[in-house]
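A.B. asks: This is what each chain is made of:
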Amino acid sequence: MNKSELRKHMVNMRSRIPAKIRTEKSQIIMKKLRSLQAYKEAKLILVYVSIRSEVETHSFINEAFEDGKRIAVPLTISKAKVLLPCEISSLDELTPGTWGILEPDKNNIPEVDSKGIDLAVVPGLAFDSHCNRLGFGAGYYDRFLPSLRKSAATIGICFDEQLVEQLPVESFDVPLDSVLSNLRLIQAERID
Amino acid sequence: MRKTRAIIRLSQFEENIKQLKSLTKPNTAFMVVVKANAYGHGSLKIAEQAAKAGASWLGVALPEEGAELRESGVQLPILVLGDASQEQCKIALQHNLTQCVPSIGTARYLNEAARKYGKKVKAHLKLDTGMGRIGLRRIEEIKSFVNELSSMDGIELEGVFTHLAAADEADTSFTRKQIKKFDDMLLVIKERGIRLRWVHAANSAGVLQYQDADYNLVRCGISTYGYYPSNFVKDNAKIELSPIMQWESCISSVRVINSGESVSYGCTYTAKGDRRVAVLPVGYADGYPRRLSNKAFVLVCGKKAPIIGRVCMDQMMIDITDIPDASADSSVVLMGEQKSEKITADDLSDLCDTISYEILTSISERVPRVYQD
Numbered sequence: 517m518n519k520s521e522l523r524k525h526m527v528n529m530r531s532r533i534p535a536k537i538r539t540e541k542s543q544i545i546m547k548k549l550r551s552l553q554a555y556k557e558a559k560l561i562l563v564y565v566s567i568r569s570e571v572e573t574h575s576f577i578n579e580a581f582e583d584g585k586r587i588a589v590p591l592t593i594s595k596a597k598v599l600l601p602c603e604i605s606s607l608d609e610l611t612p613g614t615w616g617i618l619e620p621d622k623n624n625i626p627e628v629d630s631k632g633i634d635l636a637v638v639p640g641l642a643f644d645s646h647c648n649r650l651g652f653g654a655g656y657y658d659r660f661l662p663s664l665r666k667s668a669a670t671i672g673i674c675f676d677e678q679l680v681e682q683l684p685v686e687s688f689d690v691p692l693d694s695v696l697s698n699l700r701l702i703q704a705e706r707i708d
Numbered sequence: 118m119r120k121t122r123a124i125i126r127l128s129q130f131e132e133n134i135k136q137l138k139s140l141t142k143p144n145t146a147f148m149v150v151v152k153a154n155a156y157g158h159g160s161l162k163i164a165e166q167a168a169k170a171g172a173s174w175l176g177v178a179l180p181e182e183g184a185e186l187r188e189s190g191v192q193l194p195i196l197v198l199g200d201a202s203q204e205q206c207k208i209a210l211q212h213n214l215t216q217c218v219p220s221i222g223t224a225r226y227l228n229e230a231a232r233k234y235g236k237k238v239k240a241h242l243k244l245d246t247g248m249g250r251i252g253l254r255r256i257e258e259i260k261s262f263v264n265e266l267s268s269m270d271g272i273e274l275e276g277v278f279t280h281l282a283a284a285d286e287a288d289t290s291f292t293r294k295q296i297k298k299f300d301d302m303l304l305v306i307k308e309r310g311i312r313l314r315w316v317h318a319a320n321s322a323g324v325l326q327y328q329d330a331d332y333n334l335v336r337c338g339i340s341t342y343g344y345y346p347s348n349f350v351k352d353n354a355k356i357e358l359s360p361i362m363q364w365e366s367c368i369s370s371v372r373v374i375n376s377g378e379s380v381s382y383g384c385t386y387t388a389k390g391d392r393r394v395a396v397l398p399v400g401y402a403d404g405y406p407r408r409l410s411n412k413a414f415v416l417v418c419g420k421k422a423p424i425i426g427r428v429c430m431d432q433m434m435i436d437i438t439d440i441p442d443a444s445a446d447s448s449v450v451l452m453g454e455q456k457s458e459k460i461t462a463d464d465l466s467d468l469c470d471t472i473s474y475e476i477l478t479s480i481s482e483r484v485p486r487v488y489q490d
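Protein chains in written order, with our numbering: chain A, 517 to 708; chain B, 118 to 490.
Don't read these hints as lab results, they were simulated from the structure.
Check before you lean on any hint, since a few could be wrong.
[What the hints assert, rightly or not] With a straight-line Cα cutoff of 27 Å, these simulated DSS-like cross-link-like pairs (lysine-lysine) come out:
no.	chain 1	residue 1	chain 2	residue 2
1	B	Lys297	A	Lys536
2	A	Lys595	B	Lys389
3	B	Lys297	A	Lys541
This one's a predicted model, so the numbers in the text were calculated from it and none came from an experiment.
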């Protein structure tokens with residue numbers, strides 16, 4: 517299957533998982549995430565704000581605040597085709613934006629330096645055993661992830677049904693450090 | 118004011134909206150569809166009330182309907198759900214309406230108008246996922262549309278939507294297919310880097326029956342006016358909707374028709390025994406279906422009174438023999454409740470092979486709409 521076909525397959529498959537099951541699986545994933553060393557050591561975490569059939573992150577964000585973490589959420593600027601990490605102190609600061617995703621105020625962007633991010637929690641339609649990621653095809657994360665520090669951790673989260681053996685990979689695709697599903701944690705082999 | 122009038126209860130309208138909103142997820146915006154004179158309820162007043170009830174969008178069928186709302190002072194975003202001709206594109210532009218774009222042709226007219234007036238126009242792309250009416254149907258069309266759109270700087274594409282053809286039926290398979298097709302089409306749009314604020318599919322049936330058709334905006338029409346889109350939806354509804362309109366009239370005169378005598382055109386009704394007959398000052402030119410001649414009933418003194426003889430253009434006759442309290446000036450309910458009896462638009466439409474929507478939108482201008490809180 518090419519990327520387009522795979523995307524279609526994954527979107528349909530994901531939306532067919534009953535909402536209650538998605539919530540349960542999301543809770544398992546986020547519980548595992550909070551137990552990881554990368555999470556415990558992180559001071560500033562970038563995490564997407566979930567919608568529709570994505571792995572839910574709203575509770576995680578609130579729990580991370582309780583754990584004393586600083587949270588940044590992505591704001592995409594379509595004109596410049598960039599993703600800006602924006603620090604928030606509560607989900608209440610967000611209002612629906614592109615695609616209805618909760619976003620920070622575009623008129624007063626609380627942008628934070630991407631070099632300060634310790635952990636980036638990344639969404640995706642599919643991931644493979646080498647931690648490659650399939651997004652929606654607009655390239656926002658591919659352009660953003662290289663701006664993080666080398667010592668920052670990047671982790672993709674998904675439902676186990678979204679894991680495949682090998683994704684079609686192109687030169688501009690940026691793999692992640694690890695991928696976490698409700699059943700597995702995959703760590704990429706790093707060539708140091 | 119004449120006695121035949123439609124009373125519209127605005128507080129019930131607000132309550133219906135509140136109930137419907139409770140079925141949607143947080144951060145889902147609510148559009149009240151006010152086309153066709155708000156389904157017969159009076160678009161100006163309904164639009165004003167919709168804003169108070171928490172609606173953040175209004176939907177109309179034609180740019181002209183949107184223009185009328187703007188001219189009366191409506192500020193809410195207005196989406197023209199239907200297609201626009203070259204002429205009509207100008208209206209959308211001049212009145213700050215968000216125009217439905219179901220084809221590259223309309224996009225070109227819209228873009229042209231935008232350039233001519235030096236002003237951008239907001240638009241929502243319409244996709245046909247099974248209605249077989251308007252909108253882009255094939256993936257190839259979407260790809261080439263997106264391509265050409267990139268050079269159209271007069272259009273600000275802010276949304277994408279589709280319409281569900283059978284969401285009010287027990288069989289969910291067609292709707293599921295439509296939702297899947299919509300998701301596939303959205304993917305094609307996303308892959309091309311297009312980012313839109315508004316995504317919508319659910320109509321009243323979509324809101325009442327499905328949970329994943331909401332996206333981030335829902336479009337409710339019939340349900341806000343208090344009717345379920347179908348009997349199936351009504352039987353399975355998790356919320357209570359109540360009609361906001363009461364269509365009333367009164368008895369203008371009473372006489373006795375003796376056994377064997379006939380009533381109305383063509384003498385289609387002949388009295389069996391002496392009958393006490395009342396005349397009502399309402400007929401088919403008011404929108405009361407002529408097809409209900411000799412079929413339907415009205416309410417008088419809390420009781421059902423059958424219509425006898427053919428409904429005329431401006432008057433009709435009812436049999437009040439079994440309602441001794443009924444007399445000239447007695448209040449009559451054509452549609453609505455009286456004491457413990459009621460007759461709804463669905464009751465009437467069942468009797469003449471149509472749907473509540475047609476009954477409501479046929480009530481003519483000659484019937485004054487009176488608003489109550």
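A.B. asks: For each hint, tell me whether it holds in the structure or not.
C.D. replies: Tested hints:
no.	hint	result
1	B/Lys297 with A/Lys536	holds (20 Å)
2	A/Lys595 with B/Lys389	violated (79 Å)
3	B/Lys297 with A/Lys541	holds (23 Å)
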